[in-house]
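Peer 1: Residue numbers are given in my numbering: position 88 of the sequence shown equals residue 519, and the series is strictly consecutive.
None of these hints come from the bench; they were simulated from the model.
Just so it is clear, the structure is predicted and the values come from calculations on it, not from any experiment.
It is possible that part of the hints are untrue.
With a straight-line cut-off of 30 Å between C-alpha atoms, the simulated DSS-like cross-links for lysine-lysine are [what the hints assert, rightly or not]:
(1) K561 with K486
(2) K561 with K529
(3) K508 with K486
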Amino acid sequence: MTGFASRISRLISATCMATLVLGATVTLDRAGVVSVVSDVAAQQSGAKKKEKTRKTPALRNNIYEKLAEAQTFAEAKDYAAAEEILNEMLDATSKKSKLNAYELANVYNTYAFLRYAVEDYKGALNYYQKVIDQRPQIPVALEVGTLFTIAQLHFLQENWQKGIDTLNQWMAVTEIPNTNAYVLLANGYFQLKD
């Protein structure tokens with residue numbers, strides 16, 4: 432794996448876990464060091480940023496508990512057990528009450544993390560796209576984080592144009608694009624020789 436691909440892979444790993452568990456912001460510096468900053472810490476540091484919001488359905492307690500259980504298995508690297516819980520959630524919804532779009536997005540987000548963890552990048556992309564497909568019923572922060580992850584996955588797979596297109600889409604919805612995004616974009620254009 433090239434140095435660039437290795438850095439992207441570490442960034443995606445940190446992004447996936449931080450989004451899944453913390454709802455945090457992930458950055459990669461020039462040396463390739465990944466840092467995770469919770470949104471609360473970013474606000475306390477004096478960063479004054481007006482975030483876009485949208486009305487989304489609630490995450491019901493029983494769904495939250497099942498997702499937390501799946502995340503616990505995922506953190507323990509018991510991906511099969513985590514996936515079994517998610518499968519049960521989707522199977523149960525076809526028989527009982529359906530998951531709302533936000534709940535479904537969280538299920539797909541967890542599936543995507545599981546696929547990424549076993550290096551099934553196409554599978555991860557498929558599930559991350561399903562998260563995005565739940566718009567506008569998902570929080571803006573989830574949309575923004577997911578778009579950035581999708582762009583990174585495209586770059587990791589050397590799908591330069593798709594990565595560039597997704598990163599440009601991300602830049603259109605994010606409040607303040609970070610320097611890492613511009614580095615990724617420049618690398619993508621360089622790879623295309625544009």
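Peer 1: So, for every hint listed, does it hold in this structure?
Peer 2: Each hint, compared with the structure:
Distance check on the hinted pair: K561 and K486 sit about 19 Å apart at the alpha-carbon level, within 30 Å; holds. Note on K561 and K529: the hinted pairing holds, with a Cα-Cα distance of about 16 Å set against a maximum of 30 Å. The suggested pairing of K508 with K486 is violated, with an alpha-carbon distance near 34 Å, which exceeds 30 Å.
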